[in-house]
Structure formats: C-alpha cells, structure tokens
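Using the hints, build the complex out of the two chains.
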Amino acid sequence: GQQLNQSPQSMFIQEGEDVSMNCTSSSIFNTWLWYKQDPGEGPVLLIALYKAGELTSNGRLTAQFGITRKDSFLNISASIPSDVGIYFCAGQLVDFNKFYFGSGTKLNVKP
Amino acid sequence: EADIYQTPRYLVIGTGKKITLECSQTMGHDKMYWYQQDPGMELHLIHYSYGVNSTEKGDLSSESTVSRIRTEHFPLTLESARPSHTSQYLCASSERGYGYTFGSGTRLTVV
Chain V
4 GQQLNQSPQS
14 MFIQEGEDVS
24 MNCTSSSIFN
34 TWLWYKQDPG
44 EGPVLLIALY
54 KAGELTSNGR
64 LTAQFGITRK
74 DSFLNISASI
84 PSDVGIYFCA
94 GQLVDFNKFY
104 FGSGTKLNVK
114 P
Chain U
48 EADIYQTPRY
58 LVIGTGKKIT
68 LECSQTMGHD
78 KMYWYQQDPG
88 MELHLIHYSY
98 GVNSTEKGDL
108 SSESTVSRIR
118 TEHFPLTLES
128 ARPSHTSQYL
138 CASSERGYGY
148 TFGSGTRLTV
158 V
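Heads up: the protein sequence lines correspond to chains V and U, in order. For any residue, its number in this note's numbering is found by taking its place in the first sequence, counting from 1, and adding 3. For any residue, its number in this note's numbering is found by taking its place in the second sequence, counting from 1, and adding 47.
You may find that some hints are simply not true.
[As the list claims (entries may be wrong)] Residues on chain U that point at chain V, a partial pick, calculated with CB under 10 Å:
#: 1; residue: HIS91
#: 2; residue: CYS138
#: 3; residue: SER141
[Unchecked claim] Pair ranges (Cβ atoms, derived):
#: 4; chain 1: U; residue 1: MET88; chain 2: V; residue 2: LYS113; range: 20 to 26 Å
#: 5; chain 1: U; residue 1: GLU69; chain 2: V; residue 2: ASN78; range: 35 to 41 Å
#: 6; chain 1: V; residue 1: ASP41; chain 2: U; residue 2: SER101; range: 30 to 36 Å
#: 7; chain 1: U; residue 1: SER101; chain 2: V; residue 2: GLU44; range: 25 to 31 Å
#: 8; chain 1: U; residue 1: VAL99; chain 2: V; residue 2: ALA81; range: 43 to 49 Å
#: 9; chain 1: V; residue 1: VAL87; chain 2: U; residue 2: THR133; range: 23 to 29 Å
#: 10; chain 1: V; residue 1: LEU48; chain 2: U; residue 2: PRO86; range: 18 to 24 Å
#: 11; chain 1: V; residue 1: ALA81; chain 2: U; residue 2: TYR145; range: 42 to 48 Å
These aren't lab readings, by the way, just hints derived from the structure by calculation. It should be emphasised that the depicted structure is a prediction, and the values quoted were computed from it without experimental measurement. All C-beta atoms in this analysis are idealised placements derived from N, C-alpha and C, irrespective of residue type, glycine included.
Okay, chain U solo, but in the shape it has when bound (with noise of 0.2 Å):
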C-alpha cells in the first residue's frame, strides 16, 4: 500500500507550458526528494527539502522549482516546459538514517 502518492501519472503537454507535479505522503517523513530518471536508466536528484520552508537543489542542475509549505506536501513545477524535460520524475520521502519510500512516478513528455 503506497504511502507516498504522486499525480499525475502521465502527463502529454506542449512546448511552453507551466506545469505542477503533485507528490505528497502520509508518513510523516520530514525529508522528500525528487530523482529524474530517463527509462531504464539511473536516478539524479534534482530537488530535496529536509522539512518545511527548506529546499535544495540536487546533484543534477535542473530548471525545475520545488516548494515545501507542508511537511506532507512537496510540488515541483516547471515553468515552461522543453522537449527536453521529457522523462520520468520520482518523488520519495524518509526518516533520518532509513530508506526512502518511492513515489510510482509521473511519466513527462512534453511535445
């Protein structure tokens, strides 16, 4: 049963647009993180918040934005989106010194 929910799944959207990825758990977890990850290949961190009002930027330079306004609450928005944002986006959340939970993805092309 996944604790960690992210919306939407797939997402088809045209050059330029805004978009939000939702990603939101009900753990508790203080720490969430967002991976990029095109298919089959290996994760990049790009966002991650160690509680409400703090954010950091990954290992992977991004274009994307993330907030955290709610310890459950972790959206991450582009503001105009490129062919080349297309992959699949994974948000994740933890407790100090345990494993993350993963999110099941939102699956981007954009267009």
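Next comes chain V alone, as it looks inside the complex (with noise of 0.2 Å):
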C-alpha cells in the first residue's frame, strides 16, 4: 500500500507549548485529513483539508495542504493536558474510496 511518513513519532512537551507534527508521501494526494485517537477510542476527525495550499483551523489546531499535495502539516497552538493523544494523519488518492493513515504521533502534555 501507499506509504506515507509521519514526524514526530513521539512528543512530549510542556503546557502552553505550541506543536507542530507533518505528515510527507512520495505520491500525490487528492485529500488530507487529521484525526485524534484517544486511549480505549476510536479516532476522531479534526480536519479536512481539499485544495492543495489550503489552510484550515479548528480553534487552536491548524493543518495545511502542501502545495506540492504530497504533504500536509499540523500545528496546535497553547497546548493543554487534554491535548494528549496520539494524532494520525490520513491521505486519499485518486480513488475516493480509500485512504492511508501514518503511523501517528503521540503527544504528551506535561501540566
């Protein structure tokens, strides 16, 4: 399947920090997306991104379409403890009916 590489693997920071986490392929994708996994749970969507360049924010996250659509980036501003989680990035190819996750992220918020 297709590949797709996602830094950091793991983060820990303080409270209050800001975070930044990418998600790179070698493959050109039409959609990008950025979910949130809690212990125990399912992953839950954050955001869409549509448009190569686009850049779009859910309150203190922000994600951006790479202009090249081979990427994509994550930012979350003013880090709290529930923050905590472990972040997956997730591509769609041409074929609208599938997509790709990363390996995740796992963020940890020090109070």
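Written out as structure tokens, the structure is:
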C-alpha cells in the first residue's frame, strides 16, 4: 500500500507550548485528513483539507495541505493536557474510496 | 453523538472459539471498512466494502471474513480465534470524497 511518513513519532511537551507535526508521501493526494485518537477509543476527525495550499483552522488546531500535494502539517497552539493522544494523518488518492494512514504521533503534555 | 456503533466494546474469549464483531452505521454510507490496530500503533486496513454484496481484502492479510448483506451492517467474523488475533478492531464508514467516521472499537483478547 501507500506509505505516509508521519513525524515525529512522539513528543513530550510542556503545557502552553505549541506543537507541529507533519506527514509526507511520494504520492500525490487529493485529500488530507487529521485525526486524534484517545486511548481505547476510535479516531475522531479534526480537520479535513481538500485543496493544495489550503489552510484550515479548528480552534487551536491549524492544518495545511502542502502545495506539492505530497504533504500536510498540523499545528496545535497553546497545548493543554487534554490534547494528549495519538494524532494520525490520512491521505486519499484519486481512488476516492480509500484513505491511507500515517503511523501516528503520540503527544504527551505535562501540566 | 456516534452514528457508527460497534459491539462488543471488550471481548475476552478462549482459543478456538468463533466470534463475530458487529458494526452498524445509521448514516446511509455505502463504504465501510475494518481496521486492526495494536494499542498505540498504526491502523491496518483488513477489509472494506463499497456497497451491498461487495467486500474486498485490505492491505494487511487477515484470517477474518466479512459480509455486507445490508448497507448499514458490516460484521467481521473469526472462525477460530487465536492469541495472535488479540488486538483492537475499528470499523469506519464514509461517503465518497469525505473522511471516515470511526466507531469506538472492539478490544479483543484471545486467551
């Protein structure tokens, strides 16, 4: 299957700090999604991006669809303890039926 | 409010037993998916369906089988459970061009 390289693999930050994570691929994607997963739960969609260069915000979260269509970035500003979880990127190719997931970024926030 | 439901949430079962994990969605989505995920790790697609009577194997080989007799229902069956099947199983559905909605998952332990 397609390979999405998500980094960093894990992060340990202090409450109040900003966070950045990204996904890259050798393939061109039509859609990028960012999910958050809490322990023992299913992933929940945070932000969806549908156009190259698109910059979309959801509260303290901001995500961008890379201009080359091969990457995407997620930023979290002023982190809080409830931001703890695993963040997954997902990209969709021209086949509109399937998404490919990154390996996840584990975020830990120290109060 | 979840529109995709998975049961049971947790299941502990002995080796050799047959089990069925249930997944139902009320959104009328044609496309449904099963992912396998070890705790804190990446998601692996094991089965998907584009509609009634359509099922395909995913990127990760699995001994499980699925059926899609009704649009809203996509059960996964293991004929003979083994300890290597211990994992979390996540069901998802989507509309064309939009992101997945995930269920809360079934945490399976085979002893």
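Now for the hints, and whether the structure bears them out:
1. HIS91: Hint holds; HIS91/U Cβ to chain V Cβ min 9 Å, cut 10 Å.
2. CYS138: holds (8 Å)
3. SER141: holds (8 Å)
4. MET88/U with LYS113/V: 20 to 26 Å: holds (23 Å)
5. GLU69/U with ASN78/V: 35 to 41 Å: holds (38 Å)
6. ASP41/V with SER101/U: 30 to 36 Å: For SER101/U against ASP41/V, whose Cβ atoms are near 32 Å apart, the range 30 to 36 Å holds.
7. SER101/U with GLU44/V: 25 to 31 Å: Holds, since SER101/U and GLU44/V (Cβ atoms, about 28 Å apart) stay within the stated range.
8. VAL99/U with ALA81/V: 43 to 49 Å: About 47 Å separates the Cβ atoms of VAL99/U and ALA81/V, which means 43 to 49 Å holds.
9. VAL87/V with THR133/U: 23 to 29 Å: holds (25 Å)
10. LEU48/V with PRO86/U: 18 to 24 Å: For PRO86/U against LEU48/V, whose Cβ atoms are near 21 Å apart, the range 18 to 24 Å holds.
11. ALA81/V with TYR145/U: 42 to 48 Å: violated (29 Å)
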